Amino acid sequence: GASGVLGLLVMGLFMSSRKFCISPGVEQIHSQFWNVIAYFGNTFVFALAGLVVGKKTLGTHISCKDCIVLVNIYLFTNVMRFCIVFFFLPLMAPKGCVDIAQGVVVSCCGFKGAVGLILAMALVTTKHTGDAEFS
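Using my numbering, the first residue of the sequence shown is number 231, and each one after it goes up by one.
If you're looking for bench data, these hints aren't it; they were derived computationally from the structure. What you are looking at is a predicted structure, and each value in this text was computed from that prediction instead of being measured. From the three backbone atoms N, C-alpha and C, an ideal C-beta is built for every residue, glycine too. Be a bit skeptical, because a hint or two may be false.
Stated by the list, open to error - Here are the simulated SDA-like cross-link-like pairs (lysine to any residue), alpha carbons at most 20 Å apart as the crow flies:
#, residue 1, residue 2
1, LYS286, ALA352
2, LYS286, CYS297
3, LYS285, PHE274
4, LYS285, THR273
5, LYS286, PHE276
6, LYS285, ALA352
7, LYS295, VAL283
8, LYS295, LEU305
9, LYS295, THR307
10, LYS286, LEU300
11, LYS285, VAL275
12, LYS285, ASP296
13, LYS286, MET351
14, LYS286, ASP296
15, LYS285, CYS297
16, LYS295, PHE306
17, LYS286, ILE348
18, LYS285, LEU300
19, LYS286, PHE274
20, LYS286, VAL275
21, LYS286, VAL299
22, LYS285, MET351
23, LYS286, ILE303
24, LYS285, LEU347
As the list claims (entries may be wrong) - Computed Cβ-Cβ distance ranges for the label pairs, DEER-style:
#, residue 1, residue 2, range
25, PRO324, ASP296, 41 to 49 Å
26, ALA352, ASN265, 19 to 27 Å
27, PHE312, LEU236, 26 to 34 Å
28, PHE263, MET310, 35 to 43 Å
Between the sequences and the hints, there should be enough to build the whole structure, so can you do that?
The following block contains the structure:
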């Protein structure tokens, strides 16, 4: 099967190259329609993520230590993101790709939202057999 993300990308490129085909009177309604679809899609993904997390943690007791570990993981991932961005900043700066201010923005933004949740749920629900071969 083909990738849904790649299919959506190609459709978006096609639609943006032929934007003149959408009449100005319909363009605002068209944009609002896709905003509503995106809202419901994000709501579905976050609700599904909540159900998966609830199912995984329902039988266990969440202690104060678990919350501290969670905060530490969050802080560690943010520190590592800053370290990685600023480690590679000297390689990107001479080419005009990224300066220090943009590096800070990139470091603070991270990978958030529905795509991150979908990838996390895919990782949790994937069965790892340990005998996969990579070529």
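Results of checking the hints against the structure:
no.	hint	result
1	LYS286 with ALA352	holds, 14 Å
2	LYS286 with CYS297	holds, 16 Å
3	LYS285 with PHE274	holds, 16 Å
4	LYS285 with THR273	holds, 18 Å
5	LYS286 with PHE276	holds, 15 Å
6	LYS285 with ALA352	holds, 15 Å
7	LYS295 with VAL283	holds, 18 Å
8	LYS295 with LEU305	holds, 15 Å
9	LYS295 with THR307	holds, 18 Å
10	LYS286 with LEU300	holds, 16 Å
11	LYS285 with VAL275	holds, 15 Å
12	LYS285 with ASP296	holds, 17 Å
13	LYS286 with MET351	holds, 11 Å
14	LYS286 with ASP296	holds, 14 Å
15	LYS285 with CYS297	holds, 18 Å
16	LYS295 with PHE306	holds, 16 Å
17	LYS286 with ILE348	holds, 16 Å
18	LYS285 with LEU300	holds, 18 Å
19	LYS286 with PHE274	holds, 18 Å
20	LYS286 with VAL275	holds, 16 Å
21	LYS286 with VAL299	holds, 17 Å
22	LYS285 with MET351	holds, 12 Å
23	LYS286 with ILE303	holds, 19 Å
24	LYS285 with LEU347	holds, 15 Å
25	PRO324 with ASP296: 41 to 49 Å	holds, 45 Å
26	ALA352 with ASN265: 19 to 27 Å	holds, 26 Å
27	PHE312 with LEU236: 26 to 34 Å	holds, 31 Å
28	PHE263 with MET310: 35 to 43 Å	holds, 40 Å
When held up to the earlier numbered hints, the structure conflicts with none and fits them all.
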